[in-house]
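*Asks:* Just so you know, the sequences run in chain order A and B.
Take the first sequence: its position 31, counting from 1, is numbered 31 in my numbering, and each next residue is one higher.
Take the second sequence: its position 62, counting from 1, is numbered 62 in my numbering, and each next residue is one higher.
You can take every hint at face value.
Because identical chains share one entry, a pair is satisfied inside a single copy or across any pair of copies.
Straight line, CA to CA, 20 Å or less: simulated SDA-like cross-link-like pairs of lysine to any residue:
#1 K212 <-> L238
#2 K142 <-> K201
#3 K142 <-> R185
#4 K142 <-> S186
#5 K212 <-> D242
Treat the hints as calculated values from the structure; they're not laboratory data.
Read off the chains here:
There are 2 protein chains.
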Amino acid sequence: MSYCLATLIDEGIVFCSDSRTNAGPDRVGTYKKMHTFSAENERTLVLLVAGNLATSQAVVARIKRDVHEKAGTNLYSLRYMADVADYIGQLVLGETSKFIANEQRASAFDASVTFILGGQIRGQKPGLCMIYPEGNHIKPSKAQPYLQIGETKYGKPILDRIIRSDTPYETAMRCAVVSVDSTMRSNVTVGPPIECLFYRKDSFAPHEQYFKLDDSHPYLAAVRESWEENIRVAFEHLPSLDEVFKDR
Amino acid sequence: MSYCLATLIDEGIVFCSDSRTNAGPDRVGTYKKMHTFSAENERTLVLLVAGNLATSQAVVARIKRDVHEKAGTNLYSLRYMADVADYIGQLVLGETSKFIANEQRASAFDASVTFILGGQIRGQKPGLCMIYPEGNHIKPSKAQPYLQIGETKYGKPILDRIIRSDTPYETAMRCAVVSVDSTMRSNVTVGPPIECLFYRKDSFAPHEQYFKLDDSHPYLAAVRESWEENIRVAFEHLPSLDEVFKDR
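The shape of chain A in the complex, shown without the other chains (with noise of 0.2 Å):
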């Protein structure tokens, strides 16, 4: 499993994704699902993946092989966000089509992978949308404007309290941290470092704000530290049941 997710917020967009993958228990490894696409002051697009670790890889080898090779239908080469993640979307399905001939065989075995896309091309807002298995996308709403893929559950209330379009883009990060960490504590399937990228709107810029935090990174340590005595706090301070309980 994975968690990633970001946010598209009126100053741009936040990515954030952890580096866990796990094929079996025995199977654990780190590996990063943040990919980071940039032609200069024309286009910037970060791509977050969770799934298959092996047509995760095969999709994000032939993105760029149609880079290297020119092809006629390239990541550079298309005009519009959507035609990007349409075109995402198709290698997605090409994919993941060699594994699912044998019918049987696909009945114990996922081959899936859904993508997040984000960035900008000149000339056009910034976009995010989340690319689904069957190779079609969705755009977040005005009043959720975040897209979540993978182990995204444990993690989902935070974003729920905290995230609007005009949270700025400090608080939309660290909120993206405290919700990945959270996950982590409660999936062992979600784990670190995780990575964090900050595409400021009409930068064109994608590694501006960029940072990792490792297991041990001292931000990391103080705001678990810190959100498990505040989050105490809180619940402390509700209303007693004791009123309820006497009341019957």
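Place chain B on chain A using the hints.
*Replies:* Okay, now just chain B, sitting in the frame of chain A:
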């Protein structure tokens, strides 16, 4: 979907369940998922259920019929909690096997149910277990003394942070209410009223501390408002990422 949980604490057992059932978006209903069985001063047993409504109704009806007909094996004749769990497990298997004779139909249809069974039989300590759709069961660990069934992920992080064996019952129940309410917020297949029951160790009084929180219950409204505010404050007091951003 459903969400039910129970916590085994030193003072007894806290039970909490939602009340929503859905068989598709236009078949949403309100059903009790908490069933109490009591023989005065001898045993108190509580069942929580998640899964297929037809199967769970059939199992509960069968339990009641066996009691009514004073069957050789019934909920009040079995001497140990583990035997009660095995008895219910066998009923579950019997009911579900009626519907999976035809493999093809089974693939598009899930008749499975999961139960939480808790309570006390005189002469024994209070006990808690989860009965799987396969009929077997597990007890909670001392380190993590709660069990969840149904839509469990959204509401797990708060339990991990608050619940210990020595947690007072008011705190454990408040934590359960927050866990269920957070889940209702993130997933529409979990809904009110929330049923709450505290079984006090050695009391053999199943309804000493029982209450139901409707969506409009003043306590639920107060907890929601307070939790929303307290979580925001907890989040705002986390260390800022500005230093990490600047470090680059």
